[in-house]
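Visitor: Sequence:
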Amino acid sequence: MSRLGVIADDFTGATDIASFLVQNGLATIQFNGVPQGDEKVNAQAIVVSLKSRSCSPAQAISQSLAALSWLQQQGCDRFYFKYCSTFDSTATGNIGPVTDALLAALDETLTVISPALPVNGRTVYQGYLFVNDQLLSDSGMRHHPVTPMTDSYLPRLMEQQAHGKAAVIGATTLDRGAGAVREQLTALAQQQVRYVVLDALHEQHLLVQGEALREMRLVTGGSGLAIGLARQWANNSTVNLQAEQAGRPRGDRAVVISGSCSQMTNRQVSAYRQQAPAREVDVEACLQQVESYAQLLCDWVEANTHQPLAPLLYATADAQQLQTIQQRYGAARSSEAVEQLFAAVARELKSRGWQRFIVAGGETSGVVAQSLGVTGFHIGPTISPGVPWVRDIDQPLSLALKSGNFGDEQFFARAQTEFPL
Numbered sequence: 349m350s351r352l353g354v355i356a357d358d359f360t361g362a363t364d365i366a367s368f369l370v371q372n373g374l375a376t377i378q379f380n381g382v383p384q385g386d387e388k389v390n391a392q393a394i395v396v397s398l399k400s401r402s403c404s405p406a407q408a409i410s411q412s413l414a415a416l417s418w419l420q421q422q423g424c425d426r427f428y429f430k431y432c433s434t435f436d437s438t439a440t441g442n443i444g445p446v447t448d449a450l451l452a453a454l455d456e457t458l459t460v461i462s463p464a465l466p467v468n469g470r471t472v473y474q475g476y477l478f479v480n481d482q483l484l485s486d487s488g489m490r491h492h493p494v495t496p497m498t499d500s501y502l503p504r505l506m507e508q509q510a511h512g513k514a515a516v517i518g519a520t521t522l523d524r525g526a527g528a529v530r531e532q533l534t535a536l537a538q539q540q541v542r543y544v545v546l547d548a549l550h551e552q553h554l555l556v557q558g559e560a561l562r563e564m565r566l567v568t569g570g571s572g573l574a575i576g577l578a579r580q581w582a583n584n585s586t587v588n589l590q591a592e593q594a595g596r597p598r599g600d601r602a603v604v605i606s607g608s609c610s611q612m613t614n615r616q617v618s619a620y621r622q623q624a625p626a627r628e629v630d631v632e633a634c635l636q637q638v639e640s641y642a643q644l645l646c647d648w649v650e651a652n653t654h655q656p657l658a659p660l661l662y663a664t665a666d667a668q669q670l671q672t673i674q675q676r677y678g679a680a681r682s683s684e685a686v687e688q689l690f691a692a693v694a695r696e697l698k699s700r701g702w703q704r705f706i707v708a709g710g711e712t713s714g715v716v717a718q719s720l721g722v723t724g725f726h727i728g729p730t731i732s733p734g735v736p737w738v739r740d741i742d743q744p745l746s747l748a749l750k751s752g753n754f755g756d757e758q759f760f761a762r763a764q765t766e767f768p769l
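Going by the working numbering, the sequence shown opens with residue 349, and the numbers climb by one from there.
None of these hints come from the bench; they were simulated from the model. Hints are supplied without guarantee of correctness; some may be wrong.
EDC-like mimics (lysine to aspartate or glutamate), calculated; alpha carbons at most 16 Å apart, straight line [what the hints assert, rightly or not]: (1) LYS698 to ASP647; (2) LYS698 to ASP600; (3) LYS698 to GLU639; (4) LYS698 to ASP742; (5) LYS698 to GLU632; (6) LYS698 to ASP666; (7) LYS698 to GLU650; (8) LYS513 to ASP425; (9) LYS399 to GLU684.
Predicted, not measured: the structure shown is a model, and the values here were computed from it.
Let's have the full structure, built from the sequences with the hints guiding it.
Guide: Encoded structure:
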């Protein structure tokens, strides 16, 4: 039985893939950062979440190799580098450099690139990445404040970032099944191709990918490929039900925190403001007095907590508002100030007895989880594809950690009404 080790480049991406692994039959535990010590983990799949998406390539490589080494010590023999289904990166990294480093560490010469997640509208055709019916470069990702995606052609993106040749295995080959994919991979390896982009238009293509790649030591992609791989390796059909019970949310006080500025999160915040108490974060106050401002916001949360739905604190802004904020305060400075604020708010609310945190945005989720002292958790029931409830292994804390573009407009409300306090 192969044991899977997943290296995820951000926090919500880690919970995203962990959720799909559990749903498809693999007992999975997720850790926030590389654990210290050598205690053995009892799970078929182990996910390590890093904060390596937007740091320097050198830092991303160092973190990823540390995660790989720890996963190898845990007995993992198959590895999965997980990044966003919108391939969030830049011309200089970090997906390409980390992929190269992992290939070198494992003494491998070829891997696959498979960001597709059709259930969430991410598909790949002839090597081009689509978001619903738009090319990636025409979607809202074109204006992402950290990793603006202005090119949709994945082979070109990989060759810009990494050191090797890229090629595509198209949908027609996937339609012919796993054997055809394996034959094409062998042929491309003989041509010294290093990165093979896999088309995927629907879930059946992901199942074919899983069958074709079950023996590959390193794969890379979004969470969709995990569906196919998990079904190949799962040996207990009740694992997902047992795991979901271990991660089911508990606690009678909840708060919603939103730091993402994605188009979907903007829509989710707009919808939720009509249903529950909501307060926008003042960036200038963050810059001047983080701790006292955090106390003020926590007082407001506490005063508004006896409502049908939990209060919302948000720094979510549309593209024009975000540009104005960044011009006035500086992009890095304003972003760091908001993160520090949400960290202080999470710590204070935890001390006041809050046990449920619903968080939007990969960076924000990582900051909140770190400030709460979360080191690992069980994966619970799914709220939306790729977004489960999770429960801390050691503390009475439950979290719903949402990547910016995931979930429907009613996500914040459904996270509570479908799993009531």
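Visitor: Are there hints from earlier that the structure breaks, and if so, what are their numbers?
Guide: Numbers 5, 6, 8 - these are the hints that the structure violates, sorted from lowest upward.
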